[in-house]
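> These are the residues of each chain, in order.
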Amino acid sequence: MADNKIVEKIKSPLEEKIKISLVVNGQEKELLVNATMRLADILREELQLTGTKVSCEIGRCGACSVIMDGKLVNSCLVRAYQANQKEILTIEGLGMNGLHPIQKAFLEEGGFQCGYCTPGMIIAVKALFDQYANPTKEQILEGLSGNLCRCTGYGGIIRAIQKLTES
Amino acid sequence: MVNFSYSSNLQGSFERPDGVDKVTANLKFLTDLSFPNMLYGKILRSVYPHAKIISISAKNAEELPGVRAVITSKDVPGLNRFGLIFPDQPVLCEDRVRYVGDAVAAVAAETEEIAEKALQLIEVEYEPLPVIDDPEKALLPSAPQLHPDGNILHQASYQKGNVEEAFQTCDFIVEETYELPRQMHAYMETEGGVIVPEKDGRITVYAGTQHGYKDRFQLARILDIPESKIRVVSSPMGGSFGGKDELNIQPYGALLAIKTGCPVKIHQSRRESVRSGLKRHPMKITMKTGASRSGKILAHQVRIIADTGAYATLGPAVLDFAVEHAAGPYIIRNVHVEGVSVYTNNGVAGEFRGFGGNQVTFALEGQMDRLAAKLGICPMELRKRNLRKADDPGPVGQEIAPTDGAAQVLKAISQSLLLNNKEKREESTSQWKKTGIGVAIAMHGGGLGFGRLDPAGGRISLNEEGKIEISFGFEEFGQGLLSVIEQLAIKEIGCSSNDIKITIGDTDCVPSSGSSTASRGTSMVWHALQRMKGPFKKRLLEKASQCTGVPVDQLYLGPSGIWSCESKTEPLITYQQIAYETKDDPIQIETEFHFPTTPHSIPGGHYLYSFAACAARVEVDVLTGIVRVKNLEQSVAAGPVIYPTGYLGQIEGGSVMALGYTLLEEALMEKGKYVTENFDSYLIPTINDIPLSMNITAIEDLYEGDEYGPRGVGEIGTVAVAPAIVKAIYDAIGLWVTKLPVSREEIVKAVNQREMKEWLTTKL
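Here the protein sequences line up with chains E and C, keeping their order.
Take 1 as the starting number for the first sequence in the numbering used here and just add one per residue.
Take 1 as the starting number for the second sequence in the numbering used here and just add one per residue.
Everything labelled a hint here was simulated from the structure, so no lab data went into it.
You may find that some hints are simply not true.
Only pairs whose alpha carbons sit at most 30 angstroms apart, straight line, appear in this in silico DSS-like list of lysine-lysine [as the list claims (entries may be wrong)]:
hint, chain 1, residue 1, chain 2, residue 2
1, C, 501, C, 568
2, E, 137, C, 568
3, E, 71, C, 28
4, C, 630, E, 163
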């Protein structure tokens, strides 16, 4: 079959690895990984930080959102070489010293149901508040438009943000 | 201050038992698990929507370094089929594939990349066959037969009176054909998990499902091992909405784990999930409805064609549900409903939140609005004139638990902010944007229905640690079942949340409770606790009395233990102490019962119903055809609210999922292949697509004498939304939409054709 002839030409996964160093949730990490390994996989598989989720793998759902050098990124679209020398904040880093106010607000206002989009969503809310102390409606909608939630219909998430803006 | 308006009458906030672990991500989903020596599994699915398999050669794949096993149909020791109602879907196809999700082989390898590469090395020779991509084509005599009994999966009908005669007497008749799309569940966690061979020869299946015991039953049949050798851990899950009810990756993981002796993880990519996963049934529904001048509906004729795709799963039950709900909450003397569910080479359609009710209610409510327009009476008034009364029979003439829900929700929605705020109604942000308001109602049966195995059960015990352990065979996929169990236990037992341990979703530790589907979870937890609380409290109090010498009638269960009428600051005896005293004869109560059903033998006929009414206000951009839902209100009658945050979340979340169904979502197929393969082309609502004003009203009053407690609300919030939005579009621009998702092109075309004039006059 024609399909298989093409397939035979496909090389085995790259064996060559590069050394990267990055700071994850305040801790320095040195890793030997494939240069094209996705940051999402580095977090989940190399560092066992499974809080960062993978759902669409094309940067459309935001389940893998992390903050890299102060910017919100989809970690499924960031490769190892791009994460080198970078500082990463994941959901595990947010609540290290007790629940973060965003996490508390999500808890109190029903900002999640199944919990699968939640780590990415909370990280996106963190990035929103890092950028705007008092975000407007447009800034909220724009800031979270890259994070899909199938359960809540976003009502509880909006209530959580309202609570945060009021306090 | 942020300008959103989200309100409800649902008060009281309780922290979910799984809440902290979810917001901190300490919670491990089953796809987050890993085990020592774990391998990665991948499933090879068909290249063609319909083809003969001439040969499969796995040799090259097997020789690839790092590959530990390749399996094909020959490696299935037991029944090479699965399916919840009857097993007709091959685990691994032998000689024929019937859709692009059909599995032909699977691989376990040391890394996911190697497994992926191995899939590409498996040589499958196909002989393509003609593709049936439309249920109407499947019904043609010349169509190839997809299954031994032909292309009809199931037919269902209901008839009363004589519609033909009744149409002769009608002053007004409306006939329309409605087309409903293939909607994807789009749970954020795709199917996956890990299957682990245990040292004692058993296997543990860590993979999400909505009925762990049913997975165990199906897997035992496939693997040809006793059910007792299988443990299914099925909770928690990152969403399901019906989509993970049927087996998905479990059989492949189990076969590979047994063959290699290693744990095998499979986590489908989104593309694999789209390709293989269930969808909502596309349906084409023709309704002819006639009424007298006075607005009494006299005849209602319905024909439903459902595209069930390649295999059965719960397709027959979905069709039965659609047929049952075709006349909804209206009392019509002459009704004739005929439904047929047809096999095609499209993706498998099956169980999805709303279960056939969404499709048929869209058509039914569309008929009501069209009739009202023809009759020149208010659509709410038309509904009222034909609405069921509390003691009326159910929609297929069956006896049901008396309920006034239909009238309650209609009344509540007529008092809604949206329908009573005239200024808001006319407000429009530009001359090119027209606003309109629509209302629709829905009736929805709970439980699996008459003639279906629908057992429920639960267990409550005082465990060794002195915790009141409550066990159900249900799963938590976000709906808030854990909170429901906790809140009900606190209320019915009298203890505090700290005293409770909840165990669910693990066949080794829980009793059979039936499926976590059909809006039955909350209802069954309530019923189980009503049965168990008396005997459980009695045994605890007797033991406490025995230990303390205080008579039973002066004791009661409270936080941390048993209190006497005189104890003020602490219990007389703690639960731990009682646990110690009863360690040789632990206190444990179990119950088994059946979901309440109608006594009338109507396949799938329901007994308990919930109701909803939805009002929507839309803004239609006549230049682009973009429809935005600006306000949405729902009133829901489903009995007492147990967990207010969860209830609200179900209705809001259901509303937005239904908004997607109405305006955005379609898993488009061309010639049996998916055109939409991921979230770049299959669009679900983002936070930018939702109404910025929502109001949810829960009506808690049950009909006098109703002893069935709270009904589940997992589905009801999704049903009335689409017809309300579509009516609002008509209200705005005078276009009757019959096909979902609403087409922007159709709107622009309609506006252009009428030179943007007619809708201005047709509006009132």
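> Broken hints, numbered, in rising order?
Per hint list: single violation, 2.
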